[in-house]
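Protein chains: 2
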Amino acid sequence: MKELNIGLCGLGTVGSGVFDVLSSNSRIMFEKSLCEINIVHIATRSDNHKCDVGDVQYSKDVFQVAKDPNVDLVVELIGGTDVAFELVMLAISNKKHVVTANKALIAESGSIILEAARNANVNVAFEASVGGGIPVLKSIREGLVANKINWLAGIINGTTNFILSEMSIKKTAFGVVLTEAQSKGYAEADPTFDVEGVDAAQKLAILASLSFGIPLSVSEFFVEGVTNILLEDITFAKELGFTVKHIGICRETNGSLEARVHPALIPYSSLLAHVNGVSNAVMVNSDAADTTLFYGPGAGSKATASSVIADIIDVAKAPESPCFSSLGYPIDRLKRKDIINIEDIDCGFYIRFIARDKAGVLSELTTTMAEASVSIESIIQRDHASKIDHVNVVIQTNKIKYSALDPVLKKIKKLENVLDDIVLIRVENLDQ
Amino acid sequence: MKELNIGLCGLGTVGSGVFDVLSSNSRIMFEKSLCEINIVHIATRSDNHKCDVGDVQYSKDVFQVAKDPNVDLVVELIGGTDVAFELVMLAISNKKHVVTANKALIAESGSIILEAARNANVNVAFEASVGGGIPVLKSIREGLVANKINWLAGIINGTTNFILSEMSIKKTAFGVVLTEAQSKGYAEADPTFDVEGVDAAQKLAILASLSFGIPLSVSEFFVEGVTNILLEDITFAKELGFTVKHIGICRETNGSLEARVHPALIPYSSLLAHVNGVSNAVMVNSDAADTTLFYGPGAGSKATASSVIADIIDVAKAPESPCFSSLGYPIDRLKRKDIINIEDIDCGFYIRFIARDKAGVLSELTTTMAEASVSIESIIQRDHASKIDHVNVVIQTNKIKYSALDPVLKKIKKLENVLDDIVLIRVENLDQ
Chain A
1 MKELNIGLCG LGTVGSGVFD VLSSNSRIMF EKSLCEINIV HIATRSDNHK CDVGDVQYSK
61 DVFQVAKDPN VDLVVELIGG TDVAFELVML AISNKKHVVT ANKALIAESG SIILEAARNA
121 NVNVAFEASV GGGIPVLKSI REGLVANKIN WLAGIINGTT NFILSEMSIK KTAFGVVLTE
181 AQSKGYAEAD PTFDVEGVDA AQKLAILASL SFGIPLSVSE FFVEGVTNIL LEDITFAKEL
241 GFTVKHIGIC RETNGSLEAR VHPALIPYSS LLAHVNGVSN AVMVNSDAAD TTLFYGPGAG
301 SKATASSVIA DIIDVAKAPE SPCFSSLGYP IDRLKRKDII NIEDIDCGFY IRFIARDKAG
361 VLSELTTTMA EASVSIESII QRDHASKIDH VNVVIQTNKI KYSALDPVLK KIKKLENVLD
421 DIVLIRVENL DQ
Chain B
1 MKELNIGLCG LGTVGSGVFD VLSSNSRIMF EKSLCEINIV HIATRSDNHK CDVGDVQYSK
61 DVFQVAKDPN VDLVVELIGG TDVAFELVML AISNKKHVVT ANKALIAESG SIILEAARNA
121 NVNVAFEASV GGGIPVLKSI REGLVANKIN WLAGIINGTT NFILSEMSIK KTAFGVVLTE
181 AQSKGYAEAD PTFDVEGVDA AQKLAILASL SFGIPLSVSE FFVEGVTNIL LEDITFAKEL
241 GFTVKHIGIC RETNGSLEAR VHPALIPYSS LLAHVNGVSN AVMVNSDAAD TTLFYGPGAG
301 SKATASSVIA DIIDVAKAPE SPCFSSLGYP IDRLKRKDII NIEDIDCGFY IRFIARDKAG
361 VLSELTTTMA EASVSIESII QRDHASKIDH VNVVIQTNKI KYSALDPVLK KIKKLENVLD
421 DIVLIRVENL DQ
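Just so you know, the protein sequences line up as chains A and B, in that order.
Heads up, the first sequence is in my numbering, so the first residue is 1 and it goes up one at a time.
Heads up, the second sequence is in my numbering, so the first residue is 1 and it goes up one at a time.
Chain A with its partners taken away, still in its complex shape:
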């Protein structure tokens, strides 16, 4: 039997989930792992929590936990990046292991934290930082350890996936669904962080570091949110055999990396197209295991707690194996790779604009595209819902660099019969 004393910092959504699951499932966890996990110290900065901490030592100063000689492992669930960073660094300097669900902290300061952990010979684990209850980091790090990863594509933000799924299923506009998501607790009062892709980019930084052995950083990632996605584009995409998803993609090409977060058309033939609601899924393509996918709840109190506790038990089982390799690669073996500029990445594009319904418009368009060697996969022309004598023109291109497409789009905009702005969404077939 192995025993581990933990200190729990934070009793918010995730912290209370950890407290509850550790209490309710302690017997079954022990049966499986022969590890006994004792909560010996709890700290919260506010009194506003619902857990009955009983006679466990309780502090209002989270740093007390990191200083407590009885604590072997500090669970950081206070969120934010300032106090959380200080807390984690103090815990490490006191030779305590750390488990956290804090993606922002790891994406921003993971390199410093993991370097400190290596020097102190302690573990820092953060399964819950990506994909909530899905053991996706473990699967990539350990399950696919024999593989060179070619690419990964993930639905890693539950809020945007809920919004896009609901728009598609209920045929409702973005704003309406966002309000619904807020009332259900799936979106924050200020949803910027989620809908603009910041949260997904932080998670992608962790997945990219783990999968491609690069240092943690989002600074060069291309990030685009979902606020401009219109219901009509979801409908046209469906007609073309696609669904619109907000995804994070990382792909290695000749030693350089694509790293981007944006809405994309995903074909129905891909499992990712069928991941709906607040669920998350990460698809990984690697040289031996080919295409694997890991699916589950992207957030939630108990689901996230499941991953936090899995990390705790991993440490309890082998505390002597410092996993500063939580990143897949030991921290000192991470190597920077060039991030390919979004303009230079080959992909298909969905293009929509409104044109006057006149003879010759399509011929003018296709000629313009042919002259620039833009190859068209599909083209749809439909009467505009409200503008009489106008049509929606939808074009799906084959793979092309944005830098090559852009001049064509500029030419199209100048065509006499083309109105308004051009809608542009990338198409990802995920087939290689």
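Source of the hints: derived by calculation from the structure; they are not laboratory data.
Any given hint could be a false lead.
You can't tell identical chains apart in this list, so a pair holds if it fits in one copy or across any two.
Claimed, not checked - Restricting the straight-line Cα-Cα distance to at most 25 Å, the calculated cross-link-like pairs of lysine to any residue (SDA-like) are:
1) K148 to S23
2) K387 to L240
3) K148 to E3
4) K399 to I412
5) K95 to Y58
6) K148 to M1
Put chain B on the given structure of chain A with help from the hints.
Frame of chain A; chain B shown alone:
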């Protein structure tokens, strides 16, 4: 850096994959794990292999590997259950770790093998025995360690999934697709083992032991293959919003277990319905993480090798942690649970039969069912493709025990206007 010397027994499909991936990816594996895996002994019982073993010691007697003092870990990839069992037991008695992809061996003799491993304080790992390249055993064992598993449902046989997918997509009959599968190498010359569900039952036994802490055994499982699935049933299922899949299901109810392998109608709203071709996927519902799914290639040389090597590296990283808990639970903590008789399990049913196209037939049927309190979810009546004046009647029931449905089916069979046999397929909504 950690070093592990392995002996490789078997260079067939999986063995050659292990040899190739270990050779081609040795640098990347070392970068990730800081473990060096050396193949120091290879044995094959036939000369018929394509690997250039170079100057690695080579034997035609696999037992030489289990006796070799230089070997720390024996990789059993010879298949079968007789010699393989002796080989594994000899390796264990010589204090060597064992990694195997042999589901039949583990399902049949896993308890004896794991008990011996516990006594010898060595590891026995078998990730590749279920779901080929998918790290599904690790995910359940470690990623979901904090959870009580409620149920799992898996597409765990690539051959039957390929056959059912192709029947559905290409609208082709079973026999035609089976021949195609054989020519592509997706089905054996004698496909009995796969199409009758034996292979899936063995994998389900491993998943069940891992998830519910029961001893390994298939003896009480209900097993039904796919040989009776007709194209028209796939078509009617589609009309009802379902796809027909061959699945293994295990569910705990009041301390007893359902354990069954059979074709089932899966709703399109479930991710499992979209797992096509030779791919596998296991869906797990647990109390904290809720519903997770693990998807990937169910077989194949390199995909299976990926899992074999992941096991090897796990042992290399922590050889001192004997994982006779490869089963999720330590072998001495496994507890038998009652397996519920298939007749007593509640589920929905898809029922189809041919009736004469006469007024009053439907009313007669629905009255018969109502009298027996069988609740109908949907009913379809369609002209029979070849029999004039006959119709196909398709009924989807709500959940009911087979023992309660059976007398109704007998009554229906006796109705004057009902002909031929009744087709019966279970419906699994996987919604709780």
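Status of each hint after checking the structure:
In this assembly of identical chains, K148 and S23 lie within 25 Å of each other by CA distance solely across copies; the values are 13 Å between and 40 Å within a copy. In this homomeric assembly, K387 and L240 come within 25 Å of each other (Cα to Cα) only inside a single copy, at 23 Å, whereas the closest approach across copies is 38 Å. Taking the shortest alpha-carbon separations for K148 and E3, only the inter-copy value of 21 Å comes in at or below 25 Å, while the best intra-copy value is 36 Å. In the homo-oligomer, the alpha carbons of K399 and I412 lie at most 25 Å apart inside one protomer (19 Å), although the nearest pairing across protomers, at 58 Å, exceeds that limit.
In this assembly of identical chains, the alpha carbons of K95 and Y58 lie at most 25 Å apart only when taken from the same copy (21 Å versus 47 Å across copies). Taking the shortest alpha-carbon separations for K148 and M1, only the inter-copy value of 20 Å comes in at or below 25 Å, while the best intra-copy value is 36 Å.
The structure meets every hint from the earlier list without exception.
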